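Number of protein chains: 2
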Amino acid sequence: MTSQHDDWRELGQQLRVDSVRSSSAAGSGHPTSSMSAADLMAVLMSTYLHYDFDAPDDPRNDHLIFSKGHASPLLYSMYKAAGAISDDEMLTFRQFGSRIEGHPTPILPWVDVATGSLGQGLPISVGVALAGKRLDRLPYRVWCLCGDSERAEGSMWEAFEHAGFHKLDNLTAIIDVNRLGQTGETMHGWDLGAYRRRAEAFGWKAIEIDGHDVAAIDGAFAEAIATTGQPSVIIARTEKGHGVAAVSDQPGKHGKPIEDEQAAIEELGGRRDIHVEVAKPDFEGTPHEFPTVELTLPSYEPGTKEATRKAFGDALVALGKARGDVVAVDGEVGNSTYTELFANELPDRFFQVYIAEQQMIATSVGFQVRKWKPFAATFAAFLARAYDFVRMAAVSRANIALAGSHAGVSIGEDGPSQMALEDLASFRAIHGSTVLYPSDANQTAALVPQMAEREGIVFMRTTREKTPILYAPGEDFPIGGARVVKRTDADAVTLIGAGITLHTALDAAERLAGEGIAARVIDLYSVKPIDEQTVRAAGRETGAIITVEDHWAEGGIGDAVLAALAEEQPHPVVVKLAVSEMPGSGTPDELLAAAGIDGEHIAAAARDLVGRTGEQRRTPTEVGSAGRE
Amino acid sequence: MTSQHDDWRELGQQLRVDSVRSSSAAGSGHPTSSMSAADLMAVLMSTYLHYDFDAPDDPRNDHLIFSKGHASPLLYSMYKAAGAISDDEMLTFRQFGSRIEGHPTPILPWVDVATGSLGQGLPISVGVALAGKRLDRLPYRVWCLCGDSERAEGSMWEAFEHAGFHKLDNLTAIIDVNRLGQTGETMHGWDLGAYRRRAEAFGWKAIEIDGHDVAAIDGAFAEAIATTGQPSVIIARTEKGHGVAAVSDQPGKHGKPIEDEQAAIEELGGRRDIHVEVAKPDFEGTPHEFPTVELTLPSYEPGTKEATRKAFGDALVALGKARGDVVAVDGEVGNSTYTELFANELPDRFFQVYIAEQQMIATSVGFQVRKWKPFAATFAAFLARAYDFVRMAAVSRANIALAGSHAGVSIGEDGPSQMALEDLASFRAIHGSTVLYPSDANQTAALVPQMAEREGIVFMRTTREKTPILYAPGEDFPIGGARVVKRTDADAVTLIGAGITLHTALDAAERLAGEGIAARVIDLYSVKPIDEQTVRAAGRETGAIITVEDHWAEGGIGDAVLAALAEEQPHPVVVKLAVSEMPGSGTPDELLAAAGIDGEHIAAAARDLVGRTGEQRRTPTEVGSAGRE
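Just so you know, the protein sequences line up as chains A and B, in that order.
Following this note's numbering, the numbering of the first sequence begins with 2 at its first residue and continues without gaps.
Following this note's numbering, the numbering of the second sequence begins with 2 at its first residue and continues without gaps.
Nothing false has been slipped in among the hints.
Below 27 Å or equal to it, Euclidean Cα-Cα: the simulated DSSO-like pairs (lysine-lysine) are:
| no. | chain 1 | residue 1 | chain 2 | residue 2 |
| --- | --- | --- | --- | --- |
| 1 | A | Lys467 | A | Lys322 |
| 2 | A | Lys206 | B | Lys206 |
| 3 | A | Lys257 | B | Lys467 |
Part of the chain B face toward chain A, derived, beta carbon under 8 Å:
| no. | residue |
| --- | --- |
| 4 | Gly117 |
| 5 | Glu151 |
| 6 | Trp158 |
| 7 | Pro417 |
| 8 | Ala426 |
| 9 | Arg429 |
| 10 | Ala430 |
| 11 | Asp560 |
Pairwise CB distance ranges (calculated):
| no. | chain 1 | residue 1 | chain 2 | residue 2 | range |
| --- | --- | --- | --- | --- | --- |
| 12 | A | Pro348 | B | Glu346 | 52 to 60 Å |
| 13 | B | Gly304 | A | Pro252 | 32 to 40 Å |
| 14 | B | Gly194 | A | Phe291 | 34 to 42 Å |
| 15 | A | His276 | B | Glu511 | 48 to 56 Å |
| 16 | B | Gly433 | A | Gly220 | 55 to 63 Å |
| 17 | A | Gly220 | B | Gly194 | 28 to 36 Å |
| 18 | B | Lys257 | A | Pro252 | 50 to 58 Å |
Hints are computed from structural coordinates only; laboratory data are not their basis.
Computed from a predicted structure; not experimentally measured.
Idealized CB from N, CA, C, for every residue including glycine.
Could you put together the complete structure from these sequences and hints?
Laid out in structure tokens, this is it:
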């Protein structure tokens with residue numbers, strides 16, 4: 002064993018040296034946080050990891066996720082040692098245009114998910130491990146390197162709870178207890194027992210070791226692999242900056258290159274060029290496939306009423322039957338979001354995450370790492386709980402579908418804590434996102450399959466209340482489109498709504514028609530991407546637009562419409578109707594009226610606006626007059 | 002004791018009956034989740050709670066927070082029993098205009114914070130308890146009623162960790178283990194030991210009881226009060242819907258009125274009208290006051306450079322010295338946000354929350370319950386972790402100040418996981434929020450004291466990089482204002498930026514000036530509220546606006562400007578420059594250029610825009626021509 006122990010130690014030193022070198026080359030980065038975990042990773046990659054770097058998409062590969070993403074120099078050093086990247090490329094760390102970014106992202110084919118916002122790698126690892134057990138049904142393992150500081154994030158305990166609950170013995174977390182956070186000592190310092198007691202309480206096998214003793218590390222990994230019926234965590238006492246006296250276990254050395262690079266390399270025994278032949282997957286097998294039937298979307302009779310949340314649930318079942326890769330994830334509100342229909346019909350692909358929205362998104366991100374198509378659902382308001390996970394999912398280039406029910410004041414009596422009134426804004430501001438807000442059950446059904454096809458974060462906002470079926474089954478509602486629901490040759494104003502407010506806008510249009518005012522009505526079911534052409538045409542042709550949303554005034558439908566019109570000349574007058582005061586309880590109708598977004602208030606606003614723009618339109622040289630096409 | 006036990010039992014039954022009555026009157030609500038905890042609350046309010054309902058602002062009062070906010074019928078029944086509200090008012094539950102809302106909000110003077118988004122009441126209780134120990138220095142107690150379902154939220158474990166760490170023996174959590182969540186059994190059902198082991202691992206005193214045995218409840222509260230040096234948790238086995246056979250411990254009875262109200266009331270022994278004389282605070286004392294000096298804001302020499310994050314830190318120290326009620330809270334990045342300056346100078350009012358952003362916001366909300374003025378700081382990107390807490394803080398009408406550093410691509414090498422690019426959008430969409438984005442250190446210093454004066458959620462976005470000092474010390478920068486930094490009589494275009502992009506806009510203006518194009522430059526340091534007048538005047542006078550932001554295109558500066566211009570006629574042409582592709586690593590300059598928001602790209606966009614609008618402006622009947630004033 003001595004020679005193997007020496008090999009591990011040598012590799013550990015190489016990983017340290019390379020972490021020092023890359024961060025010195027960059028002039029920034031986290032060498033000390035890399036050095037603490039170097040021995041752990043040296044033993045892992047030499048002896049326990051099974052991964053084919055030439056075939057990162059091989060479904061049999063293990064998964065190695067750096068929850069402490071700032072230890073990226075260590076990860077890149079491992080990639081170099083494995084021969085996946087060259088020394089030269091490693092030294093492009095943090096340079097513009099390099100894929101060796103400050104924190105790992107899936108621009109690199111061996112990186113499953115972006116990390117760097119602490120406390121996310123472990124919850125996502127739980128998702129990957131769950132996919133291994135219950136979806137792929139393959140015996141790959143998931144290894145997750147965690148920092149000690151990030152144990153303060155509640156999301157880590159959501160992960161501990163769920164991994165314990167699901168007895169994920171294919172998951173091993175490695176906690177690099179180097180005692181020091183960014184500004185000082187962590188809550189628990191080197192009290193390994195504090196971590197052990199917590200882990201054991203959550204049903205994990207906990208293994209305490211000296212994280213610089215390669216024999217102990219070897220024993221810990223062997224014990225982790227031998228553990229059945231529960232996840233395992235290796236709690237390793239380490240030194241930040243281990244191996245270089247000037248920084249080792251010293252405060253104030255977080256996130257900066259080593260001052261004297263050459264001296265540090267010398268102290269670590271100099272540069273090495275050890276190549277590690279990482280073991281390839283050692284079993285045969287392909288991911289489990291679920292049986293499918295042809296897609297038959299649900300349909301709803303025009304003139305009747307149904308809630309879009311129910312249509313979402315119905316359509317998700319239909320999609321799940323037609324696509325074996327579709328899975329549903331819910332935060333213990335499946336009878337509200339109607340994922341319970343999926344749970345009943347396709348229980349093998351339904352995942353109850355209880356009331357843990359961060360873990361819900363992390364599970365979804367983990368599933369899509371393994372090419373599954375997750376649909377995660379809860380009240381739209383509670384998706385706010387996982388906003389940072391959604392933000393990072395976008396950095397991960399993850400493909401996940403989210404459904405948020407119970408949007409806006411129209412939920413009624415439950416009051417503001419349950420009302421999503423900022424979800425359109427927050428999801429619009431996610432990079433590459435799609436934001437859908439269907440107004441009708443058949444439209445919802447048409448959109449659900451598109452959600453699975455679409456890349457990136459796809460959010461659908463659904464409505465609690467039953468609303469009239471406007472469209473015939475089978476009509477086409479492409480993402481990025483809008484539907485002109487009502488139109489005449491003499492429209493004096495355009496009303497733009499979606500979801501519940503399309504219906505109040507239609508009510509307003511009817512009231513206005515009775516007074517001789519023709520109103521165009523647009524169903525903006527795709528808030529992002531928005532159908533700029535339809536919006537602009539309405540602006541040109543009517544000169545007056547009223548946007549109506551069951552949402553705060555900022556960042557939702559109104560702002561999306563204004564953005565589409567930003568460069569238009571002549572420019573229509575746009576009046577935004579939105580919720581402006583904190584609502585209380587009440588019936589949906591009372592609350593819509595109080596917010597000024599029911600038919601009566603929209604009609605009043607339209608009347609006022611037409612009074613203003615109509616006058617302008619009668620003066621030929623004024624704006625808007627040339628608009629009619 | 003028997004008579005007292007009977008009294009408690011009778012009161013428990015009354016609380017149940019009244020929960021049934023109010024939810025039946027409303028036609029919705031959560032009677033069953035109220036009934037499980039009725040005995041616990043009956044004993045608490047009769048014997049252990051110290052609270053003067055006539056003086057809810059008495060700083061000596063205990064605090065009772067319903068983390069399971071959906072048990073509001075129980076809370077309102079308690080208010081009725083205490084004589085705080087009438088039976089008639091209780092029966093207005095969930096009616097439009099009533100303050101007896103679906104979930105508790107501080108519209109009621111006895112409610113500290115809004116709950117209803119699960120997993121928030123306990124973290125906020127930790128904040129209140131911490132205020133009791135370290136700020137007020139008064140021996141009031143904090144009682145927090147928790148659900149068992151909400152234990153799945155990671156934020157609950159952040160709270161457990163922090164209460165244990167700070168040894169908050171003035172805090173008692175009461176877990177109503179009624180086994181049933183919304184859709185089914187919780188992860189741990191009636192396994193009280195699962196909760197006990199976790200609580201003990203986190204350093205809490207755990208007390209397991211039968212939650213319907215008033216003697217056991219009494220003993221548990223006595224034990225909790227007697228516990229010193231650690232927080233206590235009463236883990237009570239209860240039945241959902243206890244006392245009414247038709248719903249007791251039955252699935253499918255969550256969140257709906259009892260079907261047969263009269264039979265249920267009869268089974269519970271009928272209506273009662275017990276009045277409880279809740280004990281008033283039994284000690285003398287006033288909140289601790291910290292010594293103050295006169296306010297002397299930091300100042301920076303025009304022409305030098307400083308980072309606005311540093312100016313924030315400097316100004317916060319100055320404000321803290323001048324206002325004894327100001328406290329700082331940080332998520333273990335104080336050397337990045339510069340709250341470390343406050344920690345060094347005013348350590349008694351600095352709170353290290355480690356890497357637990359939800360607890361950071363909850364602590365702040367708890368502090369402001371007790372009238373302290375919290376400033377919480379971390380990287381702006383990581384505030385996304387606590388978005389639901391911020392959303393709920395707005396429902397709580399909380400007054401908290403937040404500072405987010407390291408915004409945008411201009412942070413450079415660290416890469417996208419650390420870059421806030423959606424924070425302006427997400428914070429603009431918080432009800433009643435204020436969003437500041439200073440461009441200069443003196444301006445930052447001028448804004449910080451205003452943050453403490455302002456109501457609601459006040460967010461300041463700061464910049465990592467040092468930027469030139471533009472303004473003289475002592476200049477006035479009111480919230481809601483904007484500063485025209487550059488202006489001529491012949492401006493052909495307006496450039497609007499803030500923070501880092503004000504500087505790139507000024508660079509662009511200089512480039513344009515060399516080509517004979519006069520550009521107005523506006524510093525939009527107050528993104529919300531926005532200075533509509535200045536923006537509109539610029540639109541009228543130049544007919545062409547370019548907004549520039551180190552943020553995604555949705556919901557930030559560009560959309561705020563467009564919203565201010567929505568009803569303008571004639572309307573300027575507005576071009577939004579923002580980050581559109583996922584950034585990687587690089588220098589700040591490289592990344593600003595790649596995003597098209599550096600001086601060169603802004604100048605190019607302005608040149609193009611002036612080419613278009615200039616042509617229009619030469620045609621007298623066209624839009625924009627009449628704009629010059």
